[in-house]
Structures are given as structure tokens and as C-alpha cells.
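Undergrad: Dock the two chains into a complex; use the hints.
Protein chains in written order, with the working numbering: chain W, 1261 to 1394; chain V, 128 to 338.
Certain hints may be false.
What the hints assert, rightly or not - Distance ranges between label pairs, derived from CB positions: (1) W:ALA1345 - V:LYS249: 15 to 23 Å; (2) W:HIS1386 - V:GLN226: 23 to 31 Å; (3) W:GLU1341 - V:GLN144: 48 to 56 Å; (4) V:GLN251 - W:GLN1346: 31 to 39 Å; (5) V:LYS178 - W:GLU1349: 49 to 57 Å; (6) W:PRO1389 - V:GLY310: 35 to 43 Å; (7) V:THR227 - W:GLN1346: 38 to 46 Å; (8) W:PRO1389 - V:GLN270: 52 to 60 Å; (9) W:HIS1386 - V:LYS178: 37 to 45 Å; (10) V:THR300 - W:HIS1386: 20 to 28 Å; (11) V:ALA274 - W:THR1355: 23 to 31 Å; (12) V:ALA273 - W:ALA1345: 40 to 48 Å; (13) W:SER1302 - V:SER277: 38 to 46 Å.
Stated by the list, open to error - A few chain V residues that face chain W, going by a derived Cβ cut-off under 10 Å, partial list only: (14) THR202; (15) ALA206; (16) LEU210; (17) GLY212; (18) ALA276; (19) GLY304; (20) ARG305.
These are computed hints drawn from the structure, not numbers from a lab. Cβ atoms here follow ideal geometry from the backbone N, Cα and C, with glycine treated the same way.
Chain by chain, the residues run as shown.
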Amino acid sequence: MAVGIVIVSHSARLAEGVAELAGQMSMGEVTIAVAGGTDDGSIGTSIDKVAAALQKASSPDGTLVLLDLGSAVMITEMALEMLDAQEKERVIISTAPLVEGAVLAAVEASAGSTLQEVAEAANNGHDMPKGHQA
Amino acid sequence: MPVTTGDIRDWIQRSGQVLHENNAYLTQLDSAIGDADHGINMDRGFQAVNKKLAGMEEADISTLLKTTGTTLVSTVGGASGPLYGTAFLRAGVATAGKQTLESADLITLFEAALEGVKARGKAQTGEKTMLDALAPAIEAAKQAQAAQASLAQIVQAMVAGAEVGTKATIEMTATKGRASYLGERSVGHQDPGATSCWLLLQALADSIKQA
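So that you can see chain V by itself, here it is in the shape it has in the complex (with noise of 0.2 Å):
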């Protein structure tokens, strides 16, 4: 069964509904090596964004994500703001015209929003941040792929995928984004935005069970 548009609308309201459970979770994490304010923030953005989509009966898979980015980059206030955003919106470049998402349609949208995050950030993996948990989950995915998983399994081994590596930020020092500035002393804690990350994998694969 291929993604649809409603899975996609599914999985956006449901980061909504775990961003906002979690928000006190993401800052607490946010609280030990950042600004305290990711949760905080992530919760703000995706109630901002589910206040726009409800309005937008008739969009597409590609309107829905663009719109998601546009509006994060405009409401969350910190870095996950141009970030979440940037990969949102290069995921909606990456599903333009697409009715439904099939396998590879779906590493194409997450590959596109890695390269974006990796882009707007001037980053790469093992600095503890975000893409710690999408790249894994992404070669996770690729890997199912290869042994003829179906989609859902695909999608469940990315989330496998985002949880071995956000657990992973655990040991890595910080190079990049407010955590940085503690340098060795961010050891030791997991990463707000992998963790974010990860949640949101996890919302997917739930809407794409539901359906």
C-alpha cells in the first residue's frame, strides 16, 4: 500500500499531538545542553502548521509538506525553525506531482530533506544533532529496501534506525548549534533535535499503521 495524501495529513497532525506530549521531554533534554526551548518550540510550530493545513482541504502530498516547511521556518524561533523547515520544504520539492508515495518515493522525500538539513546547517553526521537520527534511519531504510521489505517495514526500520542513533548522540561531543558551546560537557546527554527527529519517524509509521 502506497502513502497517500491523507497518510501524509495524518502524519503531520500526529507530529502535532507527539510534539506536544513531549514538549516538556524536548526541553527538559533541550535543558541540559542547549536553550531549554526545543520542545517549546517544535510544539508552537506544528500547532501552527495544523492551524494552516486545516484550511487547505484540497492540497497535495508535495502542498502539505511545503506548506509544514513555510510555516515552521516562520513560527518555531530557533535553529529547528530554518531546519525542520528546510527539510520539509525540500521534501515537498522532492513529491512535487506525486498523487501516492511508494517505496523509493519516500527515500527520495527523506533523502531530500537530509541533503537540505545538511545544507542550511552546514553540517554532517556525528556532530550530535538531528541528522544523527535521519541518516541512519535513511540507510536503515535503504537497507529494507534492498531486502524487499514492504513499506511499512521499511518505515519501521527507519524508525529503528532514528532510535540507534539518537541514542547514539549520547557519547558525541557537540560541534554545532547552542549545545556546542558546552563542548566535552554535552557527553552524556541525548540530542532534543535527534530525539525530535526520531518522534517524528515514529508518528509516521503510526499513521502509515492506522491507514
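So that you can see chain W by itself, here it is in the shape it has in the complex (with noise of 0.2 Å):
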């Protein structure tokens, strides 16, 4: 079992295109399961989605949450809430931007990597360059 990921994002569009993404690099080794939009499918976030989506991508080995802006991690602290306790030491919620730490936890994983492991690589898309600075 690799560690899974989950995706929260304010728009099921984005969450849907860094899941495959992240994906791709991956190559199915990893499961990444996305949360995006509200449950009548306009932008915001759904804690039932959320929910549903820490279920999907749980593993023994646990979950790396990455999420998308500010209110996104309101939902998704209130949705760790409703686990126990044993579950809810297994997820970490990434504070990495949500296209760089997808693509880097989903190749750390895929590699089987521990969860510590795969949080820290998330972290690297923090000061990832993208070509030159202007």
C-alpha cells in the first residue's frame, strides 16, 4: 500500500485536472482522490465530499491532504474532526501549493515512501522554481 492523496479544491474542475496530473506521474500506484466544488456542483468546498474522499484515499500507510485556498482547510480540519482518533493521527493536511505538492507527493508515494516522507516532499513545491525569476 502507497500513501494515498487527497485533493481539495474550491472547483471540481481543478481538483479532477491535478488528480491527473499527479496521476500521471504516479502511474496507479498511488490513490488519489479528489473533493472539489460544493455538492450541487458550484465552487466552494463540501465537507461530505471531503469525507468521502479521505475514505477513498485511506491507507494503513496514511494520507496526504493537499487543498487549494484558504477555506479549504477550515472544511477539511472540521471533516478530520468527524474520524477517530487512530484514523486522524494518519492524515496529514500539506500546507504545500496544490499543483507542485500533488505532483511531488504522488511520486514520493508511488515510491513507497512513508508518510513523513511523502508530507516533507509535498513541502519542496514551496520554493520550486518555475524558469527565471523576473
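TA: And the structure:
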């Protein structure tokens, strides 16, 4: 089992897209579950979708959650509060930028790394260069 | 006259109406400094709440507030979902077992809500958020209580405090939420979250007046 990944985004299409991109790097070795948009499909976050994605990506090795903006953190924290203590301990909410973090985490997770290692890999996304600084 | 279960139910229903009527106004405020969804989100959330409460005739004050909280969390969609959701959940916990609310109970209810919002949003006053309406409202309530005001007067004082606090957000720079992306450019706009908080308190005052 590899570490599972959950993508939480205000946009369903953004979440799907990030999962698609990260999934290409992990070549099907990693479960990447998405929670994008509200229950009625508009922009926002849904606690039920986050809870379902956490369930889907749940792994004995742990789960890393990556998210887009502000309130995604709060809704993810509330979804985690509904889990039992043991399950909760196996989940880390990453502060990494969504795209870079998800790709780095997917690569690391596909190599069979621990949750801590996957979380650290995602954090490298904070200062990943994109071309030359203007 | 203490606040009854019927008053709380009336408050939540009235809040739904008020938020529905102010849907466009709140969304307009939010379009200036945020993501233009606050009115839509709050309206959607309270519609879901009132649909849910309609089937719960026997619910007590605590249950009404908690159900409001959990429903807002799962239906609002924006940041106000977890924030107002937590506020109502904490209010529900703070009123457990109460059949009516005296002035002190009402202040305890709102203090619990305030602490919940601060903890959930990792926020303080002065950051151009709903806290800037709620915190001065509670301060005003405490002052009114110390001056031996009646419960209805205390709630009126809360509304006045929330109004002053909401208007004070115009001059604030946002450091929390989507408006913080605008930095200095958020100055000059009234915060939509503070405004909805003020509207909710006004709805409470109207519910108590009706009773």
C-alpha cells in the first residue's frame, strides 16, 4: 500500500485536473481522491465530499491532503474532526502549493515512502523554481 | 421575558428570510473584495437549515442551534460554512439542557460562538471579518447587562454594536480570507461577513420583539 492523496479544491475541475496531472506521475500506484466543488456542483468546498475522499484514499500508511485556498483548510479540519483518533493521526494536511505539492507527493508516494516523507516531498513545492525570476 | 425555543426557531427562520432578501446585497459586497458568493452561499445554507428544522418539531434550543451548525457546514460551500457552522455548533453546546435563555445565557451563547469562530478561522478582531461585528456586539451586550438593561434592550445593544463594528470594517485592511489577496485594496469596502453577522443579530432582535 502506498500513502493516499486527497485533493481538496473549490473547483471540481481543478481538483480533477490536479489529480490527472499527479496521477500521470505516479502511474496508478497511488490512490488520488478528489473533493472539488460543492454538493450542487458550484464553486466551494463540501465537507461530505472531503469525508468521502478521505475514506477513498485511506491507507494504513496514511493520507496526505493537499488543498487550494483558505476555507478548504477549515472544511478539511472539520472533516478530520469526525474521524476517530487513530484515523486522524494518519492524515496530514499539507501547506504546499497544490499543483507542485500534488505532483511531488504522488512521485514520492509511488516509491513506497512513509507519510512523513511524502509530506516533506510536497513541501519542496514551496520553493520549486518556475523558469527565471523576472 | 427570557428567550424561548419558539423565539430561537423564529430567529433561524427569520434569518433565512433576511439572508434571502439580502442575497444580492451581500454578494455585491463580496464581489468588491472577495469571490462574489457570500450572499448566494448564506442563502443556500439557511434554506437548507430551514428545510431541515421544519421536520424537527420537538427540538429544543440546543438541538436547533446544533442542527443549524451542522447543516451550514455541509451546505454553505464557502468559508462562511465552517465559520458560521462552528459558531452555531458552539452556541448549541453552550445552551445544552436550557429550555429558555436569560440575558446571561444569551451572552454565554454568543461568547461560545465567538470563541468558536476565532479558533476555526485562527482569527482575531481587526482583520476585517465577521468577528469585527460579533465581538463589539458582545461587548455592547455586556455593558448593557451591567447597566441592568432588559433582555430586549441587551439584544438591541448587540445590534447597535454590530452595526458600529461592521461599518468600522470599511477602513480595515483584510488579512484573513479571500479579501486578504487584495491587501490594501480591500480598504474602503464593508466586509460581507461582518454584514451578514449584523443582519443575523438584527433578525434576533426582531424575533424577540415579535414575541
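Undergrad: Hints first: check each against the structure and report whether it holds.
TA: Now the hints, each set against the structure:
1. W:ALA1345 - V:LYS249: 15 to 23 Å: Holds: the Cβ-Cβ distance is about 22 Å, inside 15 to 23 Å.
2. W:HIS1386 - V:GLN226: 23 to 31 Å: violated (53 Å)
3. W:GLU1341 - V:GLN144: 48 to 56 Å: Hint violated: Cβ distance 31 Å, outside 48 to 56 Å.
4. V:GLN251 - W:GLN1346: 31 to 39 Å: holds (33 Å)
5. V:LYS178 - W:GLU1349: 49 to 57 Å: The hinted range 49 to 57 Å is violated for LYS178 of chain V and GLU1349 of chain W, with Cβ atoms some 36 Å apart.
6. W:PRO1389 - V:GLY310: 35 to 43 Å: With a Cβ separation near 25 Å, PRO1389 of chain W and GLY310 of chain V fall outside 35 to 43 Å, so the hint is violated.
7. V:THR227 - W:GLN1346: 38 to 46 Å: holds (41 Å)
8. W:PRO1389 - V:GLN270: 52 to 60 Å: Distance hint for PRO1389 of chain W, GLN270 of chain V holds at roughly 55 Å.
9. W:HIS1386 - V:LYS178: 37 to 45 Å: Since HIS1386 of chain W and LYS178 of chain V have Cβ atoms about 43 Å apart, the given range 37 to 45 Å holds.
10. V:THR300 - W:HIS1386: 20 to 28 Å: holds (25 Å)
11. V:ALA274 - W:THR1355: 23 to 31 Å: violated (47 Å)
12. V:ALA273 - W:ALA1345: 40 to 48 Å: holds (42 Å)
13. W:SER1302 - V:SER277: 38 to 46 Å: holds (43 Å)
14. THR202: Status holds, d = 7 Å.
15. ALA206: holds (3 Å)
16. LEU210: Constraint on LEU210 of chain V satisfied, holds at 7 Å.
17. GLY212: holds (7 Å)
18. ALA276: Nearest chain W Cβ about 35 Å off; hint violated.
19. GLY304: Interface hint status for GLY304 of chain V: holds (6 Å vs cutoff 10 Å).
20. ARG305: holds (6 Å)
Comparing the model with each numbered hint stated earlier shows that hints 2, 3, 5, 6, 11, 18 do not hold.
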